[in-house]
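The listed protein sequences derive, respectively, from chains A and B.
For the record, in the first sequence the residue sitting at position 61 is 361 according to this note's numbering, with numbers rising by one throughout.
For the record, in the second sequence the residue sitting at position 84 is 94 according to this note's numbering, with numbers rising by one throughout.
Keep in mind the hints are simulated off the structure, nothing from the lab.
Predicted model, so just to flag it, every value in this text is computed and none were measured.
Glycine included, every Cβ here is placed at the ideal spot set by N, Cα and C.
A hint or two may mislead.
Claimed, not checked - DSS-like, lysine-lysine: derived pairs with alpha carbons at most 27 angstroms apart:
1. K345/A <-> K492/A
2. K571/A <-> K142/B
3. K430/A <-> K52/B
4. K45/B <-> K639/A
5. K305/A <-> K335/A
6. K125/B <-> K482/A
7. K45/B <-> K492/A
8. K431/A <-> K113/B
9. K516/A <-> K409/A
10. K45/B <-> K571/A
11. K409/A <-> K35/B
12. K639/A <-> K125/B
13. K142/B <-> K45/B
14. K308/A <-> K674/A
15. K494/A <-> K45/B
16. K374/A <-> K431/A
17. K456/A <-> K64/B
18. K431/A <-> K125/B
19. K494/A <-> K113/B
20. K567/A <-> K68/B
21. K431/A <-> K142/B
22. K566/A <-> K94/B
23. K113/B <-> K674/A
24. K113/B <-> K648/A
25. K113/B <-> K571/A
Said to hold, decoys possible - Pairwise CB distance ranges, derived in the manner of DEER restraints:
26. K430/A <-> L49/B: 37 to 43 angstroms
27. P406/A <-> K142/B: 18 to 24 angstroms
28. S640/A <-> T107/B: 30 to 36 angstroms
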Amino acid sequence: MSTYKVNKTYQEINAKIRSGKVVVVTAEEIIGIVKKEGPVEAARKVDVVTTGTFAPMCSSGAFINFGHSTPTIKASKVWLNNVPAYGGLAAVDCYIGATETCEDDPLNKVWPGEFNYGGGHVIQDLVAGKKVHLKATAYGTSCYPSRIIEKKITLKELPSATLCNPRNGYQNYNCAVNLTRKTIYTYMGALKPKAGNANYCSSGELSPLFNDPYYKTIGLGTRIFLGGAEGYVTWQGTQHNPSVPRTEKGIPMKPAGTLWVMGDLKKMSHKWLVGMSIQGYGISLAVGLGVPIPILNEEMASYTAISDDEIFTQIVDYGNDYPNGISNSLGTVSYAELKSGSIELDGKNVLTVPLSSMVKAREIAEILKDWIQKGEFFLGEPQFTLPV
Amino acid sequence: MYSKILILRFPNTGVSKPTVCYLSKDYDLTFTILKATILPRKEGILVIEVTGAKKDFKRGMAFLRDQGIQVQNASQEVNRDTEKCVHCGACTAVCPTGALSVKRSDLSIDFNIQKCSVCELCVTACPTRAMKIQPTSEAFF
């Protein structure tokens with residue numbers, strides 16, 4: 301039997317959503333409530349805490365079925381707006397990955413490369429309703445004789461399109477600096493020499509997995525905000541690594557859990573799936589992601605009350621250590637320090653640079669709160685939770 | 011004192027005549043020639059910085075245009091497309107003057123055009139290409 305003072309089920313919370321009596325607050329708002337009234341009282345009052353994050357998430361992409369044309373084709377090579385998509389699937393299925401670069405892109409030949417168009421932009425153009433040029437080639441078979449097709453596709457006319465991101469919503473991420481003597485361009489942004497700036501990428505106290513550090517409510521079937529529509533957590537993400545050092549409250553001190561998420565691309569919006577050109581690095585896709593955390597008991601209320609000063613990460617040198625696979629922390633900093641604008645490293649004040657948008661993260665948490673309050677969004681009870 | 015960088019385009023009939031020197035002689039303006047080219051079809055392009063009183067500047071520009079010379083403002087500024095900006099903050103890593111900064115109250119990205127030196131580093135550092143170089147919008151005549 302449970303030893304909690306407050307016990308709620310998913311069904312009870314969903315019944316409250318249906319009747320309009322549900323109490324929803326954001327992961328920023330819950331902090332003050334728990335501080336003032338304690339976790340038990342907070343758990344009695346609040347049913348759901350909404351989270352949000354909006355940042356480049358490279359392990360993203362979409363499965364697209366572009367329908368048959370006559371004569372039929374078994375597309376083996378596919379391009380969308382001249383960006384290669386993987387065609388090693390059934391006849392007219394392909395997967396467009398976020399980081400794929402446009403053919404003929406000069407890449408890093410003129411350093412640092414600009415990377416103006418790629419997979420992330422194709423996905424954004426599709427959800428924006430723009431026409432996308434599709435080219436596919438094949439070797440020809442008896443049942444699929446055609447060897448080449450070219451056509452314009454729009455998301456609306458596609459038989460199906462599914463966003464399927466194998467790794468999103470990293471629970472914590474490194475704070476990046478560069479200790480070499482030259483500016484470097486990384487997936488963590490531009491890093492000036494001799495630790496000229498420290499870049500970080502997490503929405504901290506608003507970030508989904510910081511609010512449920514042991515994934516007690518997150519797993520296959522958790523309904524989420526994804527790219528502006530409803531989506532689902534379908535598995536643990538790739539590189540999901542829960543066994544890292546944690547604080548007393550269970551917050552991982554370095555990159556840990558990840559989410560595998562899916563959703564219907566047709567319902568998503570170009571506002572929440574944004575192609576990113578990362579100078580000197582490549583293409584990515586900024587994904588809007590928000591997970592509602594059900595306050596099933598006072599323990600969940602305590603978890604969601606985590607604040608930036610209790611969340612820590614490691615400072616990592618991306619000039620020498622990271623590219624050489626050297627696992628070395630230059631120091632530990634809290635997100636409160638990172639968000640203050642500067643951190644101290646070796647007695648020197650270093651400017652901090654965010655890469656994860658707090659403005660958008662907050663907007664996502666508010667939208668999700670609004671959906672739930674209006675009775676348009678119900679909690680999905682996971683079939684199993686992510687491995688701890 | 012008023013100062014502007016201008017692009018002057020001379021028709022092919024005008025390149026051999028003294029013209030710009032009259033800005034000094036008749037209009038009390040000083041100028042520095044930054045670039046001068048005569049194109050294969052004998053049209054001329056001159057990039058100059060003109061300095062003087064605003065009143066004289068306006069009269070001088072009217073004189074140039076009367077000679078059939080096209081006058082264009084060369085000064086540029088950086089603008090932010092607020093539809094495209096997602097407030098990520100990547101630009102604040104490269105901005106040397108602090109024109110782009112993180113507003114501490116809500117962690118949104120602030121762009122103070124007064125501080126901008128038009129170094130253009132943010133243009134390619136911005137992942138969503140929200141920063142654009144444009145001719146200065148301020149009309150000068």
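Results of checking the hints against the structure:
Restraint check for K345/A and K492/A: not satisfied, since their Cα atoms lie roughly 47 angstroms apart, outside the 27 angstroms limit. Of the supplied pair hints, the one linking K571/A and K142/B holds, its CA atoms being roughly 20 angstroms apart against a limit of 27 angstroms. With a CA separation close to 45 angstroms, the supplied pair K430/A and K52/B exceeds the 27 angstroms bound. This hinted pair does not check out: K45/B and K639/A have alpha carbons roughly 46 angstroms apart, beyond 27 angstroms.
Of the pairs offered as hints, the one joining K305/A and K335/A holds, with about 18 angstroms between alpha carbons and a cut-off of 27 angstroms not exceeded. Taken as a hint, the K125/B and K482/A pair is honoured in the structure, with Cα atoms around 26 angstroms apart against an allowance of 27 angstroms. In summary, the hint linking K45/B to K492/A is not supported, as the alpha carbons are separated by about 34 angstroms, beyond the 27 angstroms threshold. Proximity of K431/A to K113/B is assessed by CA-CA distance (about 38 angstroms); at most 27 angstroms being required, the pair is judged violated.
A threshold of 27 angstroms between alpha carbons decides the hint, and for K516/A with K409/A the separation of about 47 angstroms lies outside it, so the pair is violated. With a CA separation close to 44 angstroms, the supplied pair K45/B and K571/A exceeds the 27 angstroms bound. Of the pairs offered as hints, the one joining K409/A and K35/B is violated, with about 51 angstroms between alpha carbons and a cut-off of 27 angstroms exceeded. Annotation: proposed proximity of K639/A to K125/B holds, straight-line Cα distance about 23 angstroms (limit 27 angstroms).
Distance restraint check for K142/B and K45/B: the Cα-Cα separation of roughly 24 angstroms lies within the 27 angstroms cut-off, and the hinted pair is therefore satisfied. A C-alpha spacing of about 20 angstroms is found between K308/A and K674/A, which places the hinted pair at or below 27 angstroms, so the restraint holds. The hinted pair formed by K494/A and K45/B fails the criterion: a straight-line CA distance of about 38 angstroms is larger than 27 angstroms. Between the alpha carbons of K374/A and K431/A the distance comes to roughly 22 angstroms, so the proposed pair stays at or under 27 angstroms and holds.
Straight-line distance between C-alpha atoms of K456/A and K64/B comes to about 57 angstroms, which puts the hinted pair past the 27 angstroms bound. For the hint pairing K431/A with K125/B, the CA-to-CA distance comes to about 40 angstroms; that exceeds 27 angstroms, so the pair is violated. Using a Cα cut-off of 27 angstroms, the hinted pair K494/A and K113/B holds, with the two alpha carbons roughly 25 angstroms apart. For the suggested pair K567/A and K68/B, the alpha carbons sit about 56 angstroms apart, so the restraint of at most 27 angstroms is broken.
As the CA atoms of K431/A and K142/B are separated by approximately 25 angstroms, the hinted pair is consistent with the 27 angstroms bound. The straight-line distance between the Cα atoms of K566/A and K94/B is roughly 21 angstroms, inside the 27 angstroms bound, and the hint therefore holds. Simply put, K113/B and K674/A have alpha-carbon atoms about 32 angstroms apart, too far for the 27 angstroms limit, and the pair is violated. With a CA separation close to 22 angstroms, the supplied pair K113/B and K648/A stays within the 27 angstroms bound.
A C-alpha spacing of about 22 angstroms is found between K113/B and K571/A, which places the hinted pair at or below 27 angstroms, so the restraint holds. Checked against the hint of 37 to 43 angstroms, the pair K430/A and L49/B passes, with Cβ atoms roughly 39 angstroms apart. Against the hinted window of 18 to 24 angstroms, the Cβ-Cβ separation of P406/A and K142/B comes to about 21 angstroms, which satisfies the hint. With their beta carbons about 21 angstroms apart, S640/A and T107/B fall outside the hinted range of 30 to 36 angstroms.
The earlier numbered hints that this structure contradicts are 1, 3, 4, 7, 8, 9, 10, 11, 15, 17, 18, 20, 23 and 28.
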